[in-house]
Every structure is written in structure tokens, then in C-alpha cells.
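Listed in order, the protein sequences are those of chains V and A.
So the mapping is simple: this note's numbering equals the position in the first sequence, first residue as 1, plus 658.
So the mapping is simple: this note's numbering equals the position in the second sequence, first residue as 1, plus 93.
Source of the hints: derived by calculation from the structure; they are not laboratory data.
Glycine included, every Cβ here is placed at the ideal spot set by N, Cα and C.
Straight-line C-alpha distance at most 27 angstroms; calculated DSSO-like pairs for lysine-lysine:
#: 1; chain 1: A; residue 1: Lys151; chain 2: V; residue 2: Lys834
#: 2; chain 1: A; residue 1: Lys151; chain 2: V; residue 2: Lys840
#: 3; chain 1: A; residue 1: Lys245; chain 2: V; residue 2: Lys840
#: 4; chain 1: V; residue 1: Lys834; chain 2: A; residue 2: Lys205
#: 5; chain 1: A; residue 1: Lys205; chain 2: V; residue 2: Lys823
Not close to chain V: a few residues of chain A, all C-beta gaps over 10 angstroms, as computed:
#: 6; residue: Lys98
#: 7; residue: Ser122
#: 8; residue: Asn268
#: 9; residue: His286
#: 10; residue: Gly303
#: 11; residue: Thr313
#: 12; residue: Glu329
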Amino acid sequence: MKKQKSEHELFMAKNKYKRIQTIVVQVLILVLFIGIWELAAQLGWIDSFIMSSPSRIVKMLGELGKQDLWIHIGTTLYECVIGFVISTALGCVIAVVLWWSDFLRRVLEPYIVVLNSLPKIALGPIIIIWVGAGAKAIVMMTVLICIIVTIISALGGLMATDEGKVLLLRSMGASKWQILVKLVLPGSIPTLLSVLKINVGLAWVGTIMGEYLVSGAGLGYLIIYGGQVFKLDLVMTSTVILCFLAAVMYFAVALIEKFFKRRSF
Amino acid sequence: MEILKMENVSLTYQTVERETKAIENINLSIEDGEFIALVGPSGCGKTTILSLISGLIKPSGGTITLMGKPVDKPGSETGYMLQRDMLFEWRTIEKNVLIGPEIRRTLNDEAKRDAEELLKKYGLWEFRNHYPGQLSGGMRQRAALIRTLALKPKLLLLDEPFSALDFQTRLSVCNDVYDIIKTEKKTALLVTHDISEAVSLADRIVVLSGRPATVKKTFTIDIDAPTPLKRRERSEFGKWFDIIWKEVSV
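Chain A on its own, in the form it takes in the complex (with noise of 0.2 angstroms):
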């Protein structure tokens, strides 16, 4: 089933100074359940496509359809998830996960139940009555993982989710976040500058062109692998990196 459509979505800004075309004519559909890597050079408008899919921001050109419906404001449908945790400090862990339910104005009895569950399962039930300030950067990176899942969206949007945390926490990281969604049978968009991230998480990667950001090319990750960091061991990886490597570069 098609969860995400784009269809000759483009986007300029306005500012006083100038005009700029952030990304153009940009095609891309997303299927259920898959793994989506976007990569391309830095500050080509790879945020700015997943603020167009959340509905923050609308396009200037062409249509996005969630589930078959229209995107025009932002919805269920989507989890936004950001490079740094945004857990709120003065919220406890567990009232943290609760946030988008109280957003929606859908916090009952079965939606703390879920939050439970989603909290028990990923090893963070413990921490419950934590604050943010008292977890490592990995278990504040789960819990807003988890904070994303407790609206069950169906398509997460993931803006780089792992760079702001050290290279060792990351690999970890990484394989905690892949397993989770795997687990909980999510459709995910990946938005990242790093390429062999990209290549040890995603079933696909697309590949984006420099300003204003076009589809340039999409490659089928075919890396049969367990888990992001077994995918880093397998020989197919490397010559996948030089692949996208090279096709980011030019």
C-alpha cells in the first residue's frame, strides 16, 4: 500500500532580499512499511521537504497525499522526530511520551496503556519518573522515540535524529531506533548527511541534487542484514558508500 505520494512538489521561499527555490519538481512515493533514506549535499532543502510532508509549511507547487488524503495542515498521520531530542526538562519521562496525546487532546486511560507498553518494551519503564536531565543522550534519544510512536503515526519523519550524539551512542543508537521501528511495523523517512548511516538503515536511498533539490537518483539497498551495524560488516556495504558516495559528490 502507498502511504506517501509526491507529485512535482516544488517550494520557493520569499525573503526581502531574494527569491529562492528550495527544492523542485520533487517525485517520491513511499510504500508500507519501507525505509526511506533522503541524502544530499548540506543545505539542499532536505528538512524543508519533510516540513512540506508533516504540513508545516506548504508547498508552492504540486500535491502531497498521506494515505490517499491531501496534506494541508499538520496531522496524525506523521511523527516528526528532530536532531535533538526536544524532551522538555521540567516534564518527567513518561509525561514527556504523553505530550502529543495531550496535544490532541486524546490522553485517556488507553492512551497512558499504550505509552506503558511502548515504555516497558524499550527498556525505559524504570526511568519513567526520570527527568530528561538524568538520561544519557542514547535513552533521551529512545524516549523520544518514543514520544513520536505514542500518537501512532504512519509515516515517521526522521531530520537526522542521531547527530547530535557521539559516534559510539550513535551506532547504538541507530540499531535501537531501526529495531524499534522495525518492531512496531513503521513506515520511515530518513533525512540525513550521513551517508553510511543511510546505507546500514534504509531499503532505499534517494538521492537529492544541490539547490533547488531534485530527485536525482534512487538506489534498492539489497544488503540482507539483520541490524544496521551487522549491514556495516557485510562486504556490499562499502561498494554501496562509493555508489552514493559519488552520486552526492558530483
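Pulled out of the complex, with its shape left as it was, chain V reads as follows (with noise of 0.2 angstroms):
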């Protein structure tokens, strides 16, 4: 007699099928991207000399990586982490004190919103005159993208916590300084996590900007100097490597809510 699969087991293996499924079908999307695109290019659907093609891209890796490609991936890893590190650091010290002073609170809301909604790009020539061209202006770039947002995100996390926590903790006698270390930050510690997630990208767009705005390397400088010089090939390669770079510290970010998850405070 055949043994009957608990009614569990099934649910499990149905919960693995559904997982595996899904990694299937994710990598089947890539593979036939790329695999579409190469053959289009190879069969000349396409202009490989416009659209570029994965065989190209990969000739072009190995070309870059002979010549300068670390130092350009280097350099805009660099501006991009510590543009994230200092706005991310800066961002939430700022709401902190938002959070702390009703008073400032309210003076600075409108100027607040009005930077919010100002296209960053714009102060471009601005930062240029003011901290010159270099790392320095793509790295401010980045943190003037990024920290208005993370203030006001972290900002409403800080703001959002349980009024009857509050109470609870006035009532015992808390201080300000204790509602804020003990219930406050630990309290927004998930909302404090997603900003990183958001600044993630953020960063890479006020890096990337930067670049194109004002730079004599990284992959922004490969983008801009490939479109300008019809070198599709580069602007391509210099994308994928852009899009695995954004990965792997999302992932990296990722990983730090994982922990923070875990522990308690």
C-alpha cells in the first residue's frame, strides 16, 4: 500500500514547488533576454553597432578590465558609499532634532517641502563653483539627493510612534532623553531600515548624476564619454556593471535589516 503524504508534507512540497518556480521562471527571463538580444544581433534584426550585444559587452569587459575599469569602479563606489554613509548618518541626526524641537519643527516644514520638490540637478553648476570639480562635488551631489528624503521618512517613523507608549513611559517619569533611546529609535528601527533601502537607490542616482554633471572617471564618466563618442559598447558594459554594483549593496543593506531584525534592543 502506497503511503499517504500528511496533509503538511503536501503544503511543504507545494510551498518548495511554488519556490523553485518562481527562481525557474526569474532566470528563464534573463537568459532569454540575453540570449533574444545576442541573436538578434548575430542575425542582424538589430544594429549591433547601436544596440550593442552581450558578446560585445563581455569583448568590452575583458578589454576594460585590461586597461582602467577598477579604478572606475573604484572611484564611483567610492562617491556613491560615502555619499549614502554621510547623507544616511546626517539624514537621520537631522530628524532626530526635528523629532526633539516642535519649535524647529514647524519653522523649517516649508523649506523642507520646497527642497524637497527642487529637481537636485538644478544646484549642479552651483556645487561645482562651490567645492570644485571632482569627487567632492558628485559625493555632495549624492548627499543632497538623499538627505532630504531620508529626514523625511525618518522623520515620520520617529513621529509615528504609539502615543500611549509615550504616556506610559511619562508616567513612569521618563525623561525626553529616555522616550527617545528607549522607545523612539528602537521603535522606528523598521521604518530607520527601509530609508536605507530607499537611500540605496538614491545614491546611485546622485552619484551617477554627479558623474555626468562633473568627473574624469567612474561609470557615469565611461557612460557620458562612450554616448559621446558612439561607443554604445561602453555605455552598455558600463550599465551591467552598474546594475550588478546597485545589487549587491541593496543586497548588502539587505542583509544589515536582517540582523537588526533579529536581535533585540
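Need the complex rebuilt from these two chains, each delivered in its own frame; the hints are there to steer you.
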């Protein structure tokens, strides 16, 4: 007689099947995309001079690897990480200050709203004149793009603290500092972590935009340069590297999130 | 011994639109070991009275004395328990219970031992390393009470502590809490809109009028039963319910 599977076993099997199915389709899409692209280029359906092709990208990657690819990657990564760290740290500190002071929050609210809607790239020329062309200007651009959103989201998280919990601590005689440290900050960890995730994306936007404006090295520089001299292989290759780096950084942040979610405060 | 005395206490709220008299000339005195229930129409300012006693807000007139001393800021004599348990999701049950001593900077081995004893006595010791999310509503409310007791307050202020629970759980948690309060020989002031809850728990029921709240009438409940659940079974229960209900609704 065949052994009957328990309901839970069936459920687990189905669950596993669903997971595998998702991954298979995800990989399939990537393979199909690359395959069709390559095929189309080989068969002349598309002009590989304009559209490039996977094989040309790989070739370009090899060429660049012999030259100064690592300098470009290093430059961009350095600018992006520094900008990310500065804007996240500074933005969170400013959010805490605004949480602390009702007065400051009321006074600064319209300024923050206006700064948020201002396209930061408009400040490009000013930044270049103030801090000079180079990595400093790019980091500055990254910080400008990230920081306002950081302040707004972090402050939102801090302000969303349960009033009842604040009341409870106040009834125990807690000081404002204690309320911040024991309740508001640990309670806002999930919001702050999601701010990190948003910032990873924005930091890349800032860095590449900064490099478009002013740079002598970096992936953004390669893209712009490649566009100007009509080397689409270079543009595509840099974009692919960029995709990869952004993904790595995102997963790094996701790991940090996982770490924080597992421990208590 | 008199724990709490409120004399001609009134409070007026100021808002941009108007001035609202929340409570007016409240006189109330609570003896050591008593269980008092404040009932009244909703929105009459019951919670405001608890906030005043706990020192979170200052009265516009009158005096409040606790253990012979005037109340001017939140102190260790009162322990406040709110509608929801307000446990911190990121702290274990033990750490939640120890938040009071932590805030008061009295977290030492003695405080830890006291908390341990309370947790053991009231069946939460084996859950001390669990997070609130892993506990049932009734257990969470018990943890909240232990958190309040960990500060050794003289007077417990209970602000509708059972209203967030479903009826079945409410009855048993009500029993639990009553038992704990009596075992620890605490004085308690309960605010509720649930008349049957008030009748099943209180030694004395103070009926408040609508806004601005004043003390309308005080009843001494003389049902002789060991627990709130047993009280509900007694024949006098219905009688008292009717009396209080009529007093609140008129």
C-alpha cells in the first residue's frame, strides 16, 4: 500500500515547488533576454553598433579589465558609499533634532517641502563652483539628493511612535532623552531600515548624475564618454556593471536589515 | 490610611476654538487597600482624572495629595495601566517588565529579583524570553500589570485595562488582575464604562456626571464573593448593576 502523505508534507512540497518555479522563471527571463538580444544582433535584426550585444559587452569587459576598469568602479563605488553614509547619518541626526524640537519642526517644514520638490540637479553648477569639480562635488550631489528624503521618511517614522507608549513612559517619569532612546529610536528601526533601502537607490542616482555633470573617472563618466564618442558597447557595459553593483549594495543593506530584525534592544 | 485625597479639583482645557471644562470640583478620597471604580458617560473626563492623579497634567484648581504629599510630577507612588498593554515589541517579556526600573535608574539585582518573583508567581516566567507578539492577549495584559507592579506603586491607576480584549478573555483577565492586585495588597482606581466590570471588581463605585465631570454619587458595593466571576453569579449583582446603570444614564 502506498504511504499517504500528510497534509503538512503536501503543503511543504507545494510551497517548495512554488519557490523553485519562481526562481526558474526569473532565471529564464534573464537567459531569454540575453539570448534573444545576442541572436538578434548576430542575425542582423538589430544594428549591434547602436544596440550593442551581450558578446560585445563581454569583449568590452575584457578590454576594460586590462585597462583601468577597476579605477572607474572604485571611484564610483567610493563616491556612492561615502554619499550614502553621510546622507543617511546626517539625515537621521537632523530627523532626531526635528523630532526633539516642535518649534524647529514647525519653522523648517516649508523649507524641507520646497527643497524636496526642487530637482537637485539644478544645483549642479552651484556645487561645482562651491566645492570644485571632482569627487567632492559628486558626493555633495549624492548627499543633496538623499538627505531630504531621509529626513522626511525618518522623521515620519519617529513621529509615528505610539502616543500611548509615550504616555506610559511619561507616567513612569521618563525624560525626553529616555523616551527617545528607550522607545522612539528602537521603535523606528524598521522605518530607518527602509530608509536605508530607499537611499541605496537614490545614492546611485546622485552619484551617476554627479558624474554626468563633472568627472574624470567613474562609471558615469564612462557612460557619458561612451555616448559622446558613439561607443555604445562602452555605455552598455558600464550600465551592466552599474546594475551589478547596485544589486550588491542593495543585498548588503538587506543583510543589515536581517541582522537588526533578529536582535532585540 | 488615606492614600489619595482630591479636593475641589477642576481642570479646564484650552484649545484655539474654545475653553472646555473637563472636570469640576472633584472630591475623592481613597483608603489603603481599596478597589475603587470610576464610572460615567463616555467622554466625561474619566481618563483626565487618572492623568491628574499620575501627575501627567496639572489641575487648574484644587489640590491632589498622594500619601500626604501634593502631586506635581509623575512619581513612583502611582502605576499607570492603559487600555492596550503597550508592551514594546522589540523587548522580551522580562525586559518589558524591567522598563520601569530602567527609566527610574533603579535597575539593580534587587529590582531584577522582584521582577523575577512576580513573573514566577503569575505564570510568565517560562515566557520571559518570548516577545510580546508570541503571547496571547490575556498574557500580554498580565505582563503589562507586572510591569506596573515592578515599580512598587502604592496606587494603581487602571484605564479601561480590559476593553481591548474579547469578552471571554476579559472575564478571565479581570479575575487574574483582581487576584494579583489583592495578593499584592495594592490600592487600585479603575476607570471603566463597563458597569458590570465595575460591579464585579470594586469595593466602591464613584459615578461621575457628564461633562464637566463631578462626583454624582458614591456606592459601597457589599457583595461577598472571593472573585469577580463569583460576584457575577450572586443575586445582588443584578441589583447593583441596575442601580449603577440608572445613575449613569440619568
